[in-house]
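*Asks:* Protein chains in written order, with numbering that gives the first Met the number 0: chain A, 0 to 263; chain B, 0 to 263; chain C, 0 to 303; chain D, 0 to 303.
Derived by calculation from the structure, the hints in this document are not laboratory data. Watch out, some of these pointers could steer you wrong.
As the list claims (entries may be wrong) - Between beta-carbon pairs, the in silico distance windows are:
| id | chain 1 | residue 1 | chain 2 | residue 2 | range |
| --- | --- | --- | --- | --- | --- |
| 1 | D | 93 | B | 217 | 49 to 57 Å |
| 2 | D | 136 | A | 233 | 20 to 28 Å |
| 3 | B | 261 | D | 290 | 43 to 51 Å |
| 4 | D | 285 | B | 154 | 51 to 59 Å |
| 5 | B | 252 | D | 1 | 49 to 57 Å |
| 6 | C | 82 | A | 230 | 26 to 34 Å |
| 7 | A | 230 | C | 271 | 49 to 57 Å |
| 8 | D | 42 | B | 258 | 51 to 59 Å |
Unchecked claim - Derived EDC-like pairs: lysine to aspartate or glutamate, alpha-carbon spacing no greater than 16 Å straight-line:
| id | chain 1 | residue 1 | chain 2 | residue 2 |
| --- | --- | --- | --- | --- |
| 9 | D | 158 | A | 101 |
| 10 | C | 97 | C | 137 |
| 11 | C | 192 | B | 205 |
| 12 | D | 192 | A | 230 |
Said to hold, decoys possible - Among the chain D residues that face chain B by a calculated CB cut under 7 Å, a handful are:
| id | residue |
| --- | --- |
| 13 | 27 |
| 14 | 42 |
| 15 | 73 |
| 16 | 91 |
| 17 | 95 |
| 18 | 123 |
| 19 | 129 |
| 20 | 145 |
| 21 | 146 |
| 22 | 148 |
Yeah, the Cβ is synthetic: ideal placement off N, Cα and C, and Gly gets one too.
Here are the chains, one letter per residue:
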Amino acid sequence: MTAKTHNGELTFSRSELMAVELSKRLRNDDVTVMGTASAIPQIACRLAQLTHAPDLYSIAGGTCSVNPHLGPVVPSCGDYDLLRADTSLSLNDVVLLEGRADVLTVFFAGGLQVDAYGNCNLVAVGDYAHPALRGPGTVGLPFLSRVGRVLIYTQSHNPRTFVERVDFLSGPGFLQGPAEWKASGLPGDGPQLVVTPLCTMGFDSETLRMRLETVHPGVDVEQVRAATGFDLIIPQSVPTTPEPSAEQLSLLRALDTHGLLKGK
Amino acid sequence: MTAKTHNGELTFSRSELMAVELSKRLRNDDVTVMGTASAIPQIACRLAQLTHAPDLYSIAGGTCSVNPHLGPVVPSCGDYDLLRADTSLSLNDVVLLEGRADVLTVFFAGGLQVDAYGNCNLVAVGDYAHPALRGPGTVGLPFLSRVGRVLIYTQSHNPRTFVERVDFLSGPGFLQGPAEWKASGLPGDGPQLVVTPLCTMGFDSETLRMRLETVHPGVDVEQVRAATGFDLIIPQSVPTTPEPSAEQLSLLRALDTHGLLKGK
Amino acid sequence: MTKVISLSEAVDRYVPNGVGLLTVGGMHLHNNPMALIREVIRQNRRITRLLTSPCGALNAELLIAAGLVDEIATSYVGFEHIGLAPSFRRSVESGSIKVLECDEAYITHGLYAGAGGLPFVALPKGIEFTDIPKVNSENYSFTTDPFTGETVPVGAPLKPDVALLHAYQADEHGNAVVAGAHFVDRYMALASKTVILQVEEIVPTDEISKHPQGTTIPGFLVHGVVEAPGGCYPTASHGAYNFDDQAIAEYIGMAKDDAGTKQYVKQFVTDLNEAQYLHNASERIEKLRYGRGPLAVALSERKA
Amino acid sequence: MTKVISLSEAVDRYVPNGVGLLTVGGMHLHNNPMALIREVIRQNRRITRLLTSPCGALNAELLIAAGLVDEIATSYVGFEHIGLAPSFRRSVESGSIKVLECDEAYITHGLYAGAGGLPFVALPKGIEFTDIPKVNSENYSFTTDPFTGETVPVGAPLKPDVALLHAYQADEHGNAVVAGAHFVDRYMALASKTVILQVEEIVPTDEISKHPQGTTIPGFLVHGVVEAPGGCYPTASHGAYNFDDQAIAEYIGMAKDDAGTKQYVKQFVTDLNEAQYLHNASERIEKLRYGRGPLAVALSERKA
Numbered sequence: 000m001t002a003k004t005h006n007g008e009l010t011f012s013r014s015e016l017m018a019v020e021l022s023k024r025l026r027n028d029d030v031t032v033m034g035t036a037s038a039i040p041q042i043a044c045r046l047a048q049l050t051h052a053p054d055l056y057s058i059a060g061g062t063c064s065v066n067p068h069l070g071p072v073v074p075s076c077g078d079y080d081l082l083r084a085d086t087s088l089s090l091n092d093v094v095l096l097e098g099r100a101d102v103l104t105v106f107f108a109g110g111l112q113v114d115a116y117g118n119c120n121l122v123a124v125g126d127y128a129h130p131a132l133r134g135p136g137t138v139g140l141p142f143l144s145r146v147g148r149v150l151i152y153t154q155s156h157n158p159r160t161f162v163e164r165v166d167f168l169s170g171p172g173f174l175q176g177p178a179e180w181k182a183s184g185l186p187g188d189g190p191q192l193v194v195t196p197l198c199t200m201g202f203d204s205e206t207l208r209m210r211l212e213t214v215h216p217g218v219d220v221e222q223v224r225a226a227t228g229f230d231l232i233i234p235q236s237v238p239t240t241p242e243p244s245a246e247q248l249s250l251l252r253a254l255d256t257h258g259l260l261k262g263k
Numbered sequence: 000m001t002a003k004t005h006n007g008e009l010t011f012s013r014s015e016l017m018a019v020e021l022s023k024r025l026r027n028d029d030v031t032v033m034g035t036a037s038a039i040p041q042i043a044c045r046l047a048q049l050t051h052a053p054d055l056y057s058i059a060g061g062t063c064s065v066n067p068h069l070g071p072v073v074p075s076c077g078d079y080d081l082l083r084a085d086t087s088l089s090l091n092d093v094v095l096l097e098g099r100a101d102v103l104t105v106f107f108a109g110g111l112q113v114d115a116y117g118n119c120n121l122v123a124v125g126d127y128a129h130p131a132l133r134g135p136g137t138v139g140l141p142f143l144s145r146v147g148r149v150l151i152y153t154q155s156h157n158p159r160t161f162v163e164r165v166d167f168l169s170g171p172g173f174l175q176g177p178a179e180w181k182a183s184g185l186p187g188d189g190p191q192l193v194v195t196p197l198c199t200m201g202f203d204s205e206t207l208r209m210r211l212e213t214v215h216p217g218v219d220v221e222q223v224r225a226a227t228g229f230d231l232i233i234p235q236s237v238p239t240t241p242e243p244s245a246e247q248l249s250l251l252r253a254l255d256t257h258g259l260l261k262g263k
Numbered sequence: 000m001t002k003v004i005s006l007s008e009a010v011d012r013y014v015p016n017g018v019g020l021l022t023v024g025g026m027h028l029h030n031n032p033m034a035l036i037r038e039v040i041r042q043n044r045r046i047t048r049l050l051t052s053p054c055g056a057l058n059a060e061l062l063i064a065a066g067l068v069d070e071i072a073t074s075y076v077g078f079e080h081i082g083l084a085p086s087f088r089r090s091v092e093s094g095s096i097k098v099l100e101c102d103e104a105y106i107t108h109g110l111y112a113g114a115g116g117l118p119f120v121a122l123p124k125g126i127e128f129t130d131i132p133k134v135n136s137e138n139y140s141f142t143t144d145p146f147t148g149e150t151v152p153v154g155a156p157l158k159p160d161v162a163l164l165h166a167y168q169a170d171e172h173g174n175a176v177v178a179g180a181h182f183v184d185r186y187m188a189l190a191s192k193t194v195i196l197q198v199e200e201i202v203p204t205d206e207i208s209k210h211p212q213g214t215t216i217p218g219f220l221v222h223g224v225v226e227a228p229g230g231c232y233p234t235a236s237h238g239a240y241n242f243d244d245q246a247i248a249e250y251i252g253m254a255k256d257d258a259g260t261k262q263y264v265k266q267f268v269t270d271l272n273e274a275q276y277l278h279n280a281s282e283r284i285e286k287l288r289y290g291r292g293p294l295a296v297a298l299s300e301r302k303a
Numbered sequence: 000m001t002k003v004i005s006l007s008e009a010v011d012r013y014v015p016n017g018v019g020l021l022t023v024g025g026m027h028l029h030n031n032p033m034a035l036i037r038e039v040i041r042q043n044r045r046i047t048r049l050l051t052s053p054c055g056a057l058n059a060e061l062l063i064a065a066g067l068v069d070e071i072a073t074s075y076v077g078f079e080h081i082g083l084a085p086s087f088r089r090s091v092e093s094g095s096i097k098v099l100e101c102d103e104a105y106i107t108h109g110l111y112a113g114a115g116g117l118p119f120v121a122l123p124k125g126i127e128f129t130d131i132p133k134v135n136s137e138n139y140s141f142t143t144d145p146f147t148g149e150t151v152p153v154g155a156p157l158k159p160d161v162a163l164l165h166a167y168q169a170d171e172h173g174n175a176v177v178a179g180a181h182f183v184d185r186y187m188a189l190a191s192k193t194v195i196l197q198v199e200e201i202v203p204t205d206e207i208s209k210h211p212q213g214t215t216i217p218g219f220l221v222h223g224v225v226e227a228p229g230g231c232y233p234t235a236s237h238g239a240y241n242f243d244d245q246a247i248a249e250y251i252g253m254a255k256d257d258a259g260t261k262q263y264v265k266q267f268v269t270d271l272n273e274a275q276y277l278h279n280a281s282e283r284i285e286k287l288r289y290g291r292g293p294l295a296v297a298l299s300e301r302k303a
């Protein structure tokens with residue numbers, strides 16, 4: 000069952016597709032944590048709980064509540080409404096767990112820049128001392144290297160965001176590649192997925208560089224290549240990202256009654 | 000107004016007198032903390048709040064509640080009833096405050112051994128590796144050196160408790176005397192008072208050794224000297240500890256309806 | 000002995016001009032102590048160094064917009080889904096403010112160390128693979144782990160001179176209830192030399208002591224209590240009202256350049272006293288009040 | 000997926016014989032997870048190293064009385080106003096158990112470090128003036144404070160393999176409510192690889208999630224949940240019943256020597272299953288139930 004209007008337009012937004020794609024990578028035994036501006040991963044986690052991963056735990060990084068009930072999804076990770084949840088941790092507890100590394104299995108991340116090895120930068124574009132663009136700051140991204148799987152999402156897919164090497168490394172991905180990554184002894188599994196409005200990408204197991212996995216409906220491979228500022232690994236055959244099912248969309252929209260993901 | 004029965008016996012217990020004496024050393028701007036088996040300091044603090052120090056704060060070191068309402072006083076510092084209080088801290092918070100040093104002004108302490116410089120030992124009597132008496136352990140006594148004034152209380156006054164030098168230093172007093180104390184740079188003011196069933200003692204400002212201050216009603220100076228295992232400084236004139244007033248006893252007993260201090 | 004004090008007196012007495020390290024409570028668009036911050040701006044107090052929670056928002060941005068901040072220690076200043084913080088961004092890009100670049104874990108653990116008299120805090124492995132310690136040697140360094148012999152990253156303790164915090168309720172002694180998320184506000188209270196609280200409402204002590212386990216800031220840490228209903232606006236006050244995204248967007252719009260920023264500060268802060276500001280905002284605040292969800296009910300039960 | 004498990008299965012599955020570092024929750028005579036501890040004794044699990052909260056009581060003493068503990072890391076084992084812990088005392092005096100001498104601050108901060116992956120924790124000045132670090136180089140050491148150049152005392156992180164904890168209520172997933180004091184139990188849960196909870200009562204998730212701010216142990220930290228009403232007896236279960244000073248005094252009386260200690264363990268632990276033990280204790284437990292003070296009311300409101 001696909002989801003198109005009678006004149007053939009897609010009946011879901013790019014953000015809704017991103018949430019569904021993230022949701023599909025979550026497992027029943029995951030414990031996830033998300034931070035700033037996290038409507039998309041919030042919905043991804045709740046959707047996973049309502050479908051294939053009922054036992055998944057998700058932590059809202061601002062309020063630090065566990066399994067917020069999300070009716071509706073709220074835009075801020077610190078929202079009072081997120082406290083309608085199964086349990087409450089303190090921010091201090093969550094920071095401790097992020098450092099412990101063997102408990103939290105998924106960290107949702109993003110950046111002003113994301114590089115070929117999945118390193119993220121939320122601090123500054125250009126020379127740090129005289130930045131062309133000062134970002135807000137890195138919050139908890141340094142913990143990317145400790146928590147199980149890193150799932151990166153960003154609503155910008157262009158050569159300024161996807162760069163060969165971040166100008167400032169504030170969230171470790173595979174660092175400068177296999178040698179440095181292996182030598183680091185960091186406990187996390189590193190970045191596993193990047194979801195953008197154009198495509199989903201993974202990482203090549205040998206080179207640890209980003210590799211195209213699927214292109215979203217209506218997007219072609221050349222478009223992704225042109226929008227990526229580094230030499231993206233592109234397999235011979237690139238499938239199209241499956242469209243969300245009517246059931247997924249219906250569940251998602253029942254959560255997103257404020258329409259935070261709608262039309263974006 | 001004194002408090003004697005018609006046949007001249009004292010109408011208060013030694014423990015009640017100790018609580019009153021401790022209470023008198025507390026100030027309106029004090030923030031006190033107490034630990035294990037703390038019925039006497041609990042009552043001392045509440046009595047101070049009800050008389051001359053209404054703004055005093057006291058922290059029950061087990062539950063970590065602030066200003067427990069104490070009706071009645073309970074024997075364990077971890078009692079559920081202590082949570083009837085003005086505010087609640089966590090144990091972690093209290094340990095932090097004990098380390099911060101400029102907030103908590105009074106620490107109630109004790110020991111299996113207390114030495115001439117007010118050092119306390121709650122760990123082991125005799126050789127540490129083969130102790131003659133193994134104590135329970137030191138809990139928070141190492142923080143004596145950080146918190147404002149240390150008030151020591153003990154229900155044993157004998158040469159085994161009051162020794163020249165503790166066998167194991169688990170709660171710092173004035174260490175080995177003025178030179179070491181000064182060099183330590185520790186932020187606390189050190190021990191200020193020792194209250195026992197026989198007397199109250201302070202510390203000589205030059206030598207930092209314990210000095211007799213008052214003997215309790217019915218106790219003479221020689222009795223204290225004989226019960227003390229080190230060379231106690233004894234001034235020429237030693238006043239008798241004032242008897243608790245009828246008002247103090249009445250307030251105290253209204254708190255201590257379980258009679259924890261009665262007859263002891 | 001009451002610690003209740005007027006807004007202007009609180010800032011006059013407890014926030015010296017040129018204050019060494021000032022920290023402001025709340026996180027993201029929530030529980031920012033805006034009444035106190037607006038008053039700091041009205042009284043034109045220079046801040047040598049400002050420390051935010053792991054995520055600063057209008058609490059830091061407005062002080063920067065008013066040109067009062069020399070240095071900022073932070074891991075984030077922004078408005079989450081609404082946008083970047085224009086004055087922070089412009090001031091850093093132009094070099095008119097110095098950033099002590101931090102990460103969330105360091106701020107959290109650093110306040111813990113500051114609260115507890117810990118000389119420093121050893122940090123989990125990982126931060127040394129980022130560029131953050133490279134640009135902030137004041138807060139980050141390295142030492143030897145004597146148990147393993149390895150070199151490990153460490154952070155300096157954070158000990159603010161003054162903390163400006165919001166709580167839902169307090170009594171006159173400063174015993175305070177935090178409704179909703181605590182963020183790192185309690186650690187700020189534990190670590191700071193002077194703590195000023197603004198609250199939605201001052202209540203009697205016997206009211207507050209009915210629920211001691213919800214009253215987590217003890218009065219002995221607090222120096223002044225200011226009754227400031229609506230005082231977090233336009234950020235949210237957990238338990239009372241939500242943030243106003245329109246008002247934040249309006250700020251972002253005006254603060255696009257220096258002239259607009261100055262105009263905003265004049266129009267919304269320095270030209271008004273707090274009563275006038277709140278009078279103008281009162282209709283919006285009423286619209287933003289939380290409904291009777293489970294948490295609002297739990298809090299109303301507290302008061303019943 | 001339910002984590003509810005029987006008492007015997009919980010110990011059988013999660014407490015291996017010779018467990019490396021086992022920690023037991025509760026403090027003083029409160030919230031000792033005695034049902035789990037009695038079962039550890041029935042199943043005769045040797046404990047290589049036992050870690051208490053800053054104040055251990057019957058939780059540590061009974062395991063030592065049963066002869067199961069090789070080493071103990073603690074800052075206190077005793078019965079407060081009731082008396083010393085006879086088996087702990089005798090075992091240390093005779094050298095049959097090794098003590099890793101700790102202080103309260105180290106245990107608290109060490110669990111924090113263990114929970115957060117901190118390589119070690121720098122301790123406030125003071126402990127180096129006691130004899131404690133001199134006799135415990137495994138947990139205490141010294142390193143350089145790179146910010147001041149001074150040598151400072153530090154503690155090793157505490158990372159228990161298994162934690163046995165008590166909570167008031169939990170749902171089948173292990174989301175748990177602690178009624179009353181938390182002591183360091185939540186940090187034990189955060190720092191331990193495996194966590195087994197005993198609770199007075201298992202309740203539905205939608206019951207527990209009505210008051211998320213009182214539910215402070217998240218299920219993802221918990222491996223097994225055992226319903227054990229009365230399971231803290233003869234220690235107190237905050238929210239349910241007080242400790243039994245007579246029963247503790249009876250233990251102290253019997254445990255004066257090895258023969259009496261063995262007799263106690265046989266009579267009160269190994270000769271009975273938990274249901275029989277509780278049947279015998281039930282009258283005392285009923286007498287010790289907390290009255291309807293403010294806290295009991297607050298908890299009954301939770302359930303209403």
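*Asks:* Hint by hint, work out which the structure violates, then give me just those numbers in ascending order.
*Replies:* 1, 2, 3, 4, 8, 11, 12, 14, 17, 20, 21 and 22
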